[in-house]
Amino acid sequence: MKYAKLLAATALVASSGLAVPRAQADDLTLCWAAWDPANALVELSKEFEAEYGHTMNFEFVPWPNFADRMLNELNSGGKLCDLLIGDSQWIGGGAENGHYVKLNDFFDKEGISMDDFAAATVYAYSTWPKGTPNYYALPAMGDANGWFYRKDWFEKPEIQAAFKEKHGRDLTPPKTQAELLEVAQFFQEREIDGQKRYGAAIFTERGSEGITMGATSSMYPFGFKYEMTPGKYDMEGAVNSPEAVAGLEFYKELYKTATPPGYTDSYMEQSLDAFKSGQVAMAMNWFAFFPGLYADPDVGGEKIGFFVNPGQNVEASTLGGQGISVISYSDKRDAALEYVKWFAQPSVQKKWWDLGGYSCHVSVLNDPGFADSAPFASDFLLAMDNVKDFWQEPAYAELLLAMQKRLHDYVVADVGTAKEALDKLIEDWNETFEDEGKL
Amino acid sequence: MSDTPIDRVAKATPPSVAGKIRGLSDRTIAWLFVAPTIFLLLAVNIFPLMWTINLSFTNFRANRPNREVDYVGLRNYERILTDGDIWLTMQATAHFLFWTIVLQVLIGFALAWLINRKFKGNDLWTTLIVLPMMLSPAVVGNFWTFLYQPQIGLFNYGISFLTEADPSSFQMIGDVALAPWSIVIVDTWMWTPFVMLICLAGLRSIPDYIYEAAEIDRASKWRQFWTITVPMVLPFLMLAVLFRGIENFKMFDLVVQLTGGGPGSVTELTSINLKREAFEKWRTGYASAYAIILFVTVFGLASIYVKALNKVKER
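The listed protein sequences derive, respectively, from chains A and B.
Numbering follows the numbering used here, with no gaps: position 381 of the first sequence is 381.
Numbering follows the numbering used here, with no gaps: position 32 of the second sequence is 32.
Don't take every hint at face value.
With a straight-line cut-off of 27 Å between C-alpha atoms, the simulated BS3-like cross-links for lysine-lysine are [to be verified]:
1. Lys424(A) <-> Lys307(B)
2. Lys20(B) <-> Lys79(A)
3. Lys151(A) <-> Lys79(A)
If you want the footprint, here are the derived chain B segments under chain A, 3+ residues with CB under 8 Å [to be verified]:
4. 63 to 77
5. 140 to 152
Hints in this document: simulated from the structure, not taken from any laboratory.
Beta carbons are placed, not taken as given, at the ideal position from N, Cα and C, and that holds for glycine.
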């Protein structure tokens, strides 16, 4: 009997230990941008709270202020965030300035393998220096810039006939950048259902990253590169190559001839507004918004279609997306790491995709049913196969602002030529890299 | 006779302390009174200024506190003064400053002159005119973006009504030629009432007997305006120009909300550019040099202006 009691007591202690992994429950704060996937993450995190006993708080900042707000927080060593789903370009600064906790030992200890995540996302969201096995984040949200269009307009017989008469081919979602321009120009100022419509909503925002993310969606497919030799910062001939110039000229033509009036400073919100209000036939935006758009009662469902960013000389999409990092200034590092451990589980990743988040886990992406699980899922896979990202250097903000200025000056304000804009951009970037001691 | 407060304090002061105070010179007591103010001034104004001057000779970056800081001499100043883009922001600021002041002074003075006349509903009109300056600049910037919207904006529809042009045929904040004027219009709309109030104070300070004397001398209204009204309101007007000049030199919130400095950089005023250098690019040393150049410019111009103002007052 005594032996049985001892066994029962041991079992009780053991089981209580399993049910509550930590003696102390913490209040964790996760910081991210305020957008659709963030709401999905709130929902998903309820399971973490139930399982681990910690309380999750969220600090979501609208995209235009996200970088400013969060980078200031990191630079001041703030303790607001225990976990941060930071933009991919911040990884260099996060690692070199000591904002992010290096996760290698933790991954080894917990058996989390980076081989379980799509290679492109590990490279883009987790590693610094790029491509080395030094991990500062777990891939959390795969994303790329893609396109959606008014399928119902494309299918109208009179529209089909008018397009065929003008271009001698069927009106279909564009497969190349040239086709994209052709289709957008076709819809520009066309009257549909008694209203004047426009071709496409694209990114032209000046203040944060908008026009860079938009223009590179044309420039990458034309052949724009940052360096002649990766890692050497030799930008002459790459940044201002004839292909890069052609890509930038193309984007300007798209902006000038196929966008609604007044969209001189537009980014994600404005693109969504233009589409939802029925102003445009096509719009670019991040895949993250696609589940919400598909569910939209007015323009979603059968009315909407999706396509991957069209190639031209090469297939390429501008990378979005983020990894989740543990902030080194957090007093609750252990609990934050528990969240990362929980989030890395294949079952959680599956739920993440089901709720509207874009998992980067191979068990989700390689699932045979994944491509058919949503109307944009196969395009997402295509996009993630060919993503290209902006500099991820610690001086990324300076590099980005220079590109914002040069592109906006040329595309929107008609200053100089595309070649001059890119030449000046090289001058700006050379100056930055010289200051950084990299040139 | 009851004690005065000073007497009561004197009586309440312990003899030992009173003895010490009695031993202090007037000058020392004066310094004791002024010391807290001087300390605050040093802590809040002078020390940051000195620190900024020090940083302006370095390559310090506030987002890299662990990075080695090198003294770079006058390199930051040289880079700023030879940077064509910065001169463009200076030009944009000069355009904004000049036209807002000209328009606000002209319209503000005209409104003050009209309001100064006694008519029914005078108080109501004054209140209505003053309303815009009571709004937050960020709010004003935001709602004017809607007014300027080419497809639905009331401003475009107003112009369209007057000119019969298509409302969406022009973009106030998206057009390189019109954008600088779009910010001038909004600032003028918002701050003309301020100039009007100062002018009104000036107009109301002119004694009636001066005009009565001019009437007796059979001076025409036109002559009264140029020889009495304008000279006597001029110090007030110059003060308004000084206030608006300083305010608009550091204009930030309204323009950021309205145009974000665009299109391109045509409305990127120096304060917006400086903010980007300091808190987005985090080139703290460079931005410090930039701030010092702006400070010297404003301080120098303001000093010259204040001297001119004093001369006008002495006349």
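Structure-based check of each hint:
Between the alpha carbons of Lys424(A) and Lys307(B) the distance comes to roughly 43 Å, so the proposed pair goes past 27 Å and is violated. For the proposed pair Lys20(B) and Lys79(A), the alpha carbon gap of about 50 Å is over 27 Å, so the pair is violated. For the given pair, Lys151(A) sits about 47 Å from Lys79(A) by alpha-carbon distance, which is inconsistent with the 27 Å threshold. With 3 residues carrying a beta carbon less than 8 Å from a beta carbon of chain A, the segment 63 to 77 of chain B meets the three-residue requirement, and the given coverage holds.
Here's how the segment 140 to 152 of chain B fares: 3 of its residues keep a CB closer than 8 Å to some CB of chain A, so the rule of at least three is met and the hint holds.
Of the hints listed earlier, those the structure fails to meet are numbers 1, 2, 3, in rising order.
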